[in-house]
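Chains as they are written, first to last, in my numbering: chain A, 1 to 455; chain B, 456 to 827.
Hints listed in this document are in silico derivations from the structure and should not be mistaken for laboratory results.
Honestly, I wouldn't trust all of these hints.
[Said to hold, decoys possible] Short, incomplete list of chain A residues facing chain B, as computed with Cβ under 7 angstroms:
#, residue
1, THR229
2, GLY250
3, ILE255
4, ILE258
5, SER261
6, VAL335
7, ILE338
8, ALA347
9, CYS378
10, ALA382
11, ASP416
12, PHE425
13, ILE431
14, GLU439
[As the list claims (entries may be wrong)] So the derived label-pair ranges between C-beta atoms look like this:
#, chain 1, residue 1, chain 2, residue 2, range
15, B, TYR811, A, GLN402, 18 to 24 angstroms
16, A, SER261, B, ARG605, 54 to 60 angstroms
17, B, ILE803, A, LEU210, 28 to 34 angstroms
[Stated by the list, open to error] Computed far set for chain A versus chain B, every beta-carbon distance over 10 angstroms:
#, residue
18, ILE20
19, GLY109
20, THR451
21, LYS453
Being a predicted model, the structure only gives us computed values, none of them experimental.
Glycine included, every Cβ here is placed at the ideal spot set by N, Cα and C.
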Amino acid sequence: MKQNVKHKKPKSFPIGVHTIDNKLSQFAPIEFMHAPDTVYIAMQQNIGKPSLPVVKPGDYVKMGQMIAKASEGLGANIFSSVSGTVQALNVKRPSTSGIANHIQIKNDGLNTQHLLQSLENPTPDEICQRIFDSGIVGLGGAGFPTHIKAKVDKQVQTLIINGAECEPYITCDHRIMLDYTSEFLKGADFLAKCVHAKQVVIAFKNRDRLLESKIKDSIKQNKLDNMDTMSFDSIYPLGAEKQLVYSVTGKKVPIRNIPLSVGVVVANVATVLAIYQSVVQGKTCYQRVLTVTGKGVKEQKNIWVANGTPFEQVLQFAGANMQDTPSQSAVGNIVKLIAGGPMMGYAVDNTQVVTTKTTNCILALTAEEVNIETPLECINCAGCSKVCPMKLMPMFIHQYGQAQDATNAAKYGAKDCIECGCCSFVCPSKIPLVQTIREAKKVVQKYEKTTKKIL
Amino acid sequence: MSIILNNPVVSVSPHVTQLNNTTSRVMIDVLISLLPVVLVSIFFFGYLVLVNLVVCCVACFWSEVIFNSVVHKQSPVWKNVKKSSVFSDHSFAVTACILALNLPTVINVWGWNIQDGDSILFSLDTVILCILMSVFAIVVVKMLFGGLGRNFANPAVTSRVFLLLAFTSGMIAVRTNPFFGLNLGLDASSGASWLGLVGEGTVLNSTTSPKVLFNMFLGNVSSAAVGETSVFAIAIGYVYLVFKKVIDWRLPLVLIGFTAIFALVFGLADSRIEYDSVSTVIGYTLAHLLSGGLVFGAVFMATDYSTSPNTFLGACIFALGIALFTVLIRIFAQWPEGFSFSLLLMNIATPMIDRYIYPKPFGYVRPVRSSQ
Ligand code: SF4
Ligand code: SF4
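Only chain A is shown next, with the shape it has when bound in the complex (with noise of 0.2 angstroms):
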């Protein structure tokens, strides 16, 4: 039975940034890459411990072999995205968070796979079991294993696709359910299967009313008639979990919990593909769809990637400025190169980074698109504290935050920050709040270790 949602007039959760939307790749299908020579495949690919290596230099591997197993607690499986030889284990190579482990594969170019079986009318329990082989994890940045939230130990209402996909210039889940809609939907379903859920909600902001109909009018033939689609109006962080939670169903997750707890979990665009591929094709997570974009390319794309690409091949296959050396003035040179979108990216100083499961969006920045500006005092205008979706107040976490007192910029929030951005890009000091209070949560955390009290 379909169960109608609270709200009657959807309404977004009010509070946050307008940013320039800048979908420049919006139009472009999704395109394959071939995966280059040689792979570098990281060993930290979601959040929680490395993988621990399977294979040994020498090792003749398949594309979608594991390379890597699960480590205890928050893991996930890795695997092989080319078929080849591996030539190194512990390959130290930079990476978003400093220099990482990696597995270096040579790729033979046979592109011989390795599927899993694939499952036909699959239990719940065979899905999440099939996740945690395919070593899917949150795609859309955050990485949380995925067979860990689909575990579920209460009962789920609703599950949230988050299809709101609020940050600037990313644009690979649009992509995704324009270009694989039927593939999308079954992939939500049997994730609802999964987490037992009642009614499936996919959301999406109200500029993407196009979108929207294509996937209602699939939802009506594929007779999914638990689900159904919510628009929102486009407002930065709109696609944050615990904001989205509560603009779909207008529950609180309570702070420092998960959606679970009002009964509700939420999946991302990618991960929902990933999980069709595994469960139908039985392709695990080698490879995803990302989007290459920013005026340092030419060609802003959404392509699929394979697992351990350096940005530089893909980079050059969008068409950025090539050179031998450095130039100042030249048009189109990246001044920023950031891996994700431009509110919550990491910004890389190396284009011999690696793409991980994560890596949703390759952005190439050049100096007309960052404006990089010293920051100045705070000037106390409140606001950071207006735009902030958490309702904290930066301005003071960042004051206390450098002033050592753990105790203060916990009362104003430290620990409650989702590190949106919202606040720094408001603030018309330039402060960079958002370093600040990651500052200020490591103070509150060495205030608690040694105290060992909980603020």
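Please build the complex by placing chain B with the ligands on the supplied structure of chain A, with the hints as guidance.
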């Protein structure tokens, strides 16, 4: 060939920020919103307003520059013009403007004036005091407390109160008006403003006739400071500030609303006034709102970022305090300058308000106290 990143910038997210939203932009917006008030003041009070304004600007600028180069060892501004913080934010100009608008045209202390008959053409006293005020506002109130955003109270209002206590007798808002010589129907050359009458307890019912109220709204009355005379001009500035999202539109309205309520209550309780009809009561309340520094202060000074609370609830408490003290001082202390004092008082109370009034995080749950 490879892709070379030229001096790649690595910083923490977010990587884009709002364009055209900088501190200096905010300050320029405030300056623009002050423009109508400045023009109207010059219209009503003559060129002496402009003289004060220029003197304050120059004095504020140099106080900040000299303070920075002496105390903060910043390289002196004449060596490094672009990088000086004075230029990167224009806050000195905002302080100077608000300060100049908070002064009368002439402050006659020592009588060093150039006069032509009765009208004062130039007053050296005023210039000296303007410089003194500017230095006080910038150095003592702002820079000594850590500069922009750290001042404990609004520099302009602190200076004004300082001046008021020191040189009360000399403050006259003389309507020289040599350019226009207009008299819009109300004899406004006398020093006594409506609030002065309230303080002395000689409020007559006829002083709040619609015509008088309308003149008050336009600014054609005498007032203690040049900026606060025209509510109309201030309203234009308010609309601009709200439109540009520089200030929260609610705070000035809440403040004025609270003042109206208190004025009504205390006005009714005031035995010195005889009310013969509802319209006199309303007239009395309106006259309270339209005179004195209330509207000017509500729009330009109470909304000052660093000295007003950062939450709306906090701002309401702040407004409540200002309104209450303003009305009390006006009616019972025989002092028409109620607003400046109460603003200063609440400025000082602001850190305390921010300490106790802060929003609960989204999804806050009261921690369960473990029973012992
Ligand atoms: S304080 Fe944290 S949650 Fe609030 S706006 Fe800033 S980054 Fe977002
Ligand atoms: S937005 Fe920036 S300047 Fe304004 S209060 Fe926050 S930190 Fe301070």
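Evaluation of the provided hints:
1. THR229: It is violated, given that the least Cβ distance between A/THR229 and chain B is near 25 angstroms, above 7 angstroms.
2. GLY250: This interface hint is violated because 12 angstroms lies over the 7 angstroms limit.
3. ILE255: Nearest chain B Cβ about 5 angstroms off; hint holds.
4. ILE258: Status violated, d = 11 angstroms.
5. SER261: violated, 10 angstroms
6. VAL335: The hint holds - A/VAL335 has a Cβ within 7 angstroms of chain B, the shortest such distance being about 6 angstroms.
7. ILE338: holds, 6 angstroms
8. ALA347: holds, 5 angstroms
9. CYS378: holds, 5 angstroms
10. ALA382: holds, 4 angstroms
11. ASP416: OK, holds: A/ASP416 within 7 angstroms of chain B, min 4 angstroms.
12. PHE425: holds, 5 angstroms
13. ILE431: violated, 10 angstroms
14. GLU439: violated, 10 angstroms
15. B/TYR811 x A/GLN402: 18 to 24 angstroms: holds, 22 angstroms
16. A/SER261 x B/ARG605: 54 to 60 angstroms: Because 41 angstroms falls outside the window, the suggested range is violated.
17. B/ILE803 x A/LEU210: 28 to 34 angstroms: violated, 57 angstroms
18. ILE20: violated, 7 angstroms
19. GLY109: holds, 22 angstroms
20. THR451: Its Cβ never comes within 10 angstroms of chain B, the nearest being 17 angstroms, so this holds.
21. LYS453: With a cut-off of 10 angstroms, A/LYS453 remains clear of chain B, as the shortest Cβ separation is near 12 angstroms.
Checked against the numbered hints given earlier, the structure breaks hints 1, 2, 4, 5, 13, 14, 16, 17 and 18 and satisfies all the rest.
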